[in-house]
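Q: For this one, chain A is given, so just place chain B on it according to the hints.
Keeping their order, the protein sequence lines are chains A and B. The numbering used here puts the first residue of the first sequence at 1, with every later residue one more than the last. The numbering used here puts the first residue of the second sequence at 1, with every later residue one more than the last.
Keep in mind the hints are simulated off the structure, nothing from the lab. Owing to the predicted nature of the structure, the values given are computational and were not obtained by experimental measurement. A few of these clues could be false.
[As the list claims (entries may be wrong)] A few chain A residues facing chain B, derived, Cβ under 7 Å:
{"no.": "1", "residue": "Phe27"}
{"no.": "2", "residue": "Leu137"}
{"no.": "3", "residue": "Asn140"}
{"no.": "4", "residue": "Gly276"}
Positions of the beta carbon are idealized from the N, C-alpha and C atoms, including for glycine.
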Amino acid sequence: MSLLRDKTAQVWIWASVLLLPLLIVLFLIMQGNQSADSIARFGWGFLLGTTWDPVHQIFGGLPFLFGTVVTSLFSLVAAGVIGLGAAVFLTFYSRGRVRSSLGVLIELLAAIPSVVYGLWGLYVMVPWLQGVGEPFLARNFGFLPFFRGASLGVGYLAGGLILSIMILPTITAMARDVLLAVPREIHEGALAIGATKFEVIRVISLPFARSGIIGALMLGFGRAVSETIAVTMVIGNRPQISSSMFAPGYTLASVIANEFTEATYQLYISALNEIGLVLLLLTALFYGVARLLVWRSTRGVGM
Amino acid sequence: MDAERKPALRLSRLIWNHAFTGLTGLLLMLAVLPLFLVFGYVIYKGLPGLNLQFFTLPTTPTGIPGGMSNAIVGSLEIVGVASLISIPLGIGAGIFMSEIRAGWFKSFARFLTDVLSGVPSIVVGLLAYAIVVKPMGGFSGISGSVALAILMIPVIARATDQALQQVPVSIREGGWAVGARQAQVWLRIVLPTAIGGVVTGFLLAFSRVLGETAPLLFTAFGNQFWATNMMQPVAAVPLQIFEYALSPYSDWQQEAWTGSLVLVIIALIINLITRLWVAKKR
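Just chain A, same shape as in the assembly (with noise of 0.2 Å):
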């Protein structure tokens, strides 16, 4: 009786660790299974072409690639930046409670629904958008190509706005951690031939945990990728590629998202089925290497 449970036990768990690579590979098969028509019928001309038009049937998946890579970089430098800012605060100016629940408070944000963000999103910092925040960028920054146009609110800029405040926790969380995992006796070796604070954050903990960081950076910008619900309500959805980031535009996501419930014939279902591959793809690439990196780093094995 206790050995058959023992051998039920033993097929339970290698059932379920053998459930991770099955699902990965469906995940591919069935994704390019589905998007079979769509390949054969475009090829990798799919990835460059430039007009969705469902009516004449004509699928290019560039201006959902062009959506996708401009508001996730922004987010990325925008979320970066402040993220990386806010992570070496916690890390060497603060300690004890204030340094954990302002990391707390942090990661608060990672708990809120993607929806929540979007209705925020549409509602206040849409309007916002465009009544003060791009005719202000229009006023003075007019002379870039990217901040031209008719202020819409919703947009490329809504949409990296919206994603910097998302994957903000994520990046700033893991670069925290990777910062606290730098050993103190390197810290404190400098400080005492007399670094300044700056100097050795800048000289040795930052280059020091660098693999880590770009992890943490490589991490978020895979969220801000897979990201769906919150970009689809502020980019405008409209499959174009503008120089300006107050023009609408759309994602991988998003247009999978709105499209595929009305996607009335094989090749539209298929077209739509290859962006999910293609994004797909891109994430588990990022994933994937992010990692690697992070994993690295926090074990201190190799740089």
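A: Relative to the frame of chain A, chain B by itself:
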């Protein structure tokens, strides 16, 4: 000449030092600011609609007093079934990664867990559509549960793995010494010792998928009516918020804010409980 330059150098170093401190402090304040903006607005806009009616009436056409009772029940149903699927699988995978000697496959399994947790939730929805909705011939609550379970498994597995690793080897050795079988050591000794961490992981996974919208769009699909049959389309709170938010009607928009407030409150409560739990253990 050296003696003249030194004080100036020192001063600039001090200035840099203080400027940097100020800059990071400023960036920290910027990082915390969105929390207050979002929370503030959700409370301010959502609170006026928070009444008993919201929890007792189902969704209604605009103009007629309604609530989200069907969506609340639907959400609990979908997430409940997703938990039933993902808890045994997640904990099983976690036990494997922590307890079994498997060489490279162990690190590989951990790596796969991480990759799996990075799959965009909308792509998870596409998979659930392909493997459940299509064969079943229509949208259903159960397909939503499958999608959410796929999102929960890696979170629970990683939490279980980490919690079990905290258990000292001597405790396992105690079990082996009295002749316990492997499974008995895992299930009767190691898992109960680390149960706090496992439950924490589950609660975080639960709270995350409770607010998920994207994977439900073309699985559970949503339902305007009272529907508890998991083989049929089922309503969910995030789906309802999404639909109401994009509607032009002010009473629907009000309900979207109230629904958001409810989701945020639940997420915060779960988060704080798990934090207190973890803090108490240390």
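Q: Output the indices of the hints that this structure fails to meet, ascending.
A: 2 and 3
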